[in-house]
Structure formats: structure tokens, C-alpha cells
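S.K.: Since the structure of chain H is already known, use the hints to place chain U on it.
Protein chains in written order, with UniProt numbering: chain H, 1 to 123; chain U, 1 to 123.
There's no promise every hint is true.
Copies of one chain are not kept apart here, so a pair can be met inside one copy or by any two copies together.
What the hints assert, rightly or not - Below 20 Å or equal to it, Euclidean Cα-Cα: the simulated EDC-like pairs (lysine to aspartate or glutamate) are:
| # | residue 1 | residue 2 |
| --- | --- | --- |
| 1 | 83 | 107 |
| 2 | 83 | 14 |
| 3 | 64 | 20 |
| 4 | 64 | 11 |
| 5 | 102 | 40 |
| 6 | 102 | 11 |
| 7 | 64 | 40 |
Since the hints were derived computationally from the structure, they do not count as laboratory data. Quick caveat, the model's predicted, so the values are computed rather than measured.
2 protein chains.
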Amino acid sequence: MARPLRHPTRDQIELPLVLDCLSDPIRLAIVYQLAQHQRDGTELCCGDFNELSGKSNLAYHFTKLRDAGLMQTRIVGTNRLMKLRREDLDTRFPGLIDAVIKSAARDAGRLSLVAECEIADTD
Amino acid sequence: MARPLRHPTRDQIELPLVLDCLSDPIRLAIVYQLAQHQRDGTELCCGDFNELSGKSNLAYHFTKLRDAGLMQTRIVGTNRLMKLRREDLDTRFPGLIDAVIKSAARDAGRLSLVAECEIADTD
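Isolated chain H, as found in the complex:
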């Protein structure tokens, strides 16, 4: 059986690390896409982000997001299922993720990777 992945506890989530994660356009696009799908409780798998970057680069960003406490990952068979730690983030930093997601949505046109996510979403 796969070993569960290490995640920081809610209290271990640190503001500078969260902001650093969100400052990268690819990680911002991943978080944005996770937030869009969170509404209906869907977890996403690695393949859902293939439009954003290559596999190994995405794996690097997934690890950064998990280590910073932005994302929960669970291993099911050969898949990794991912979701945003929305409740933990909203408790630690009220309003922050919401403001970042809304700002990203407003700037979707210039944050080209986010725009690609949105196009991919509507397929």
C-alpha cells in the first residue's frame, strides 16, 4: 500500500510560503483550477493539468503546493487525487484565497495560464 504523503497541519501553514506558492503563474493556475472544481467536491488528478506544463515540472509544483499546505493529495491506485485545502486556508487566513482567486479571474486575460485553464474547463 502507498505511504500517505506528508502534509503540514492547519496550524503549520505559513503565510509567506502560501504567498510564495501563489506568486508563481503555474501554481496560481493550478490553485485556480482546483478552486473552480472544489465547488462540486471534485478532486482532480495530475492529468487534469497537462495543458499547464510538462509532467515533471507539474510534479515539482504539486509538491510545493502540498508542502505549503495549499493542497491535499491522496494516492488511490496509480492516481494522485488533489484538492484545495480551502477550509484550512480560510481558517488560517480569512478572505485571502478568495481575494487571490477573484483577482486571478479578473486578470485571466493577462495571466495566460489561467486563461488556458478556463478554456480547458469548458471543453
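M.R.: What follows is chain U alone, placed relative to chain H:
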């Protein structure tokens, strides 16, 4: 006469650059301190941040903050007077700076530089 410093226009302020600026604990502390003083319209000068870091390191962070559009700097004699571009930031990214400042205040104890700011404030 000193040449006015270059600042990005409101529309040129970019989300990834703003988040990158805020992800650095010293820059976050500078922004936090500027936000505290903004309420009464006070501009701050370089010396007001001496508790945070050395002069040349602070100069580097001031430039990063100005270039990213977080801070307005004007030269008066031998002084540089600085204020947060709160209205521009709130227009571009509604709620973002407010959420970051509140999150920093909640974590003041563990963001040691922010805590130093607060101590300096009460002097």
C-alpha cells in the same frame, strides 16, 4: 532637482509580482507598517524601517516594492517619502491587501519581523 522615480501605472500592476513581493517577510513587514500609518495619511521615510534590516538590504526591498506597484515613493530633499498604493491595489485586486494585512496581523507572533514593527510602532 531629483528625477522623479519610475512607478508602474495602476493598470501595469501585476498579481504574480505583488504576491511575490508580499511573500518575503521583510517586504511583508514594510507593507504592514506602511498600512498601519496610512490610516492617518502619514508617509514614512527609510529610517522608519531601520529595525527590519540593514540600509542596503532595505533599499533593495523598497525598489522591489516600488517596481511591483505596491508603494509610491517621492523624493523630498535628501529624504524618500513612501506610502502604500492602497487605492490602486484595492482597485486592481479588491480585498487582497486587506486580507494579507489581516493575516499578517493574526500571525504577528510568528512573523517575527512584523512583531518587531508592532513593537516599534508603540514606541
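S.K.: Taking the hints in turn, state whether each one holds.
M.R.: Evaluation of the provided hints:
Within a single copy, residue 83 and residue 107 get their C-alpha atoms no closer than 23 Å, and across copies no closer than 25 Å, so neither meets the 20 Å cut-off. For a Cα distance limit of 20 Å, the shortest separation of residue 83 from residue 14 inside one copy, 18 Å, qualifies, whereas the shortest one across copies, 26 Å, does not. Both within a single protomer and between protomers do residue 64 and residue 20 lie at most 20 Å apart by alpha-carbon distance, with minima of 10 Å and 15 Å respectively. Taking identical chains as interchangeable, the C-alpha atoms of residue 64 and residue 11 lie at most 20 Å apart only when both belong to the same chain, with a minimum of 17 Å there against 30 Å between chains.
Taking the shortest Cα distances, residue 102 and residue 40 sit within 20 Å of each other inside one copy (18 Å), while across copies they are farther apart (29 Å). For the homomeric pair residue 102 and residue 11, the shortest alpha-carbon distance between copies (16 Å) is at most 20 Å, but the shortest distance inside one copy (25 Å) is not. Taking CA atoms no more than 20 Å apart as the test, residue 64 paired with residue 40 passes in neither setting, with 25 Å inside one copy and 39 Å between copies.
Checked against the numbered hints above, the structure breaks hints 1, 7 and satisfies the rest.
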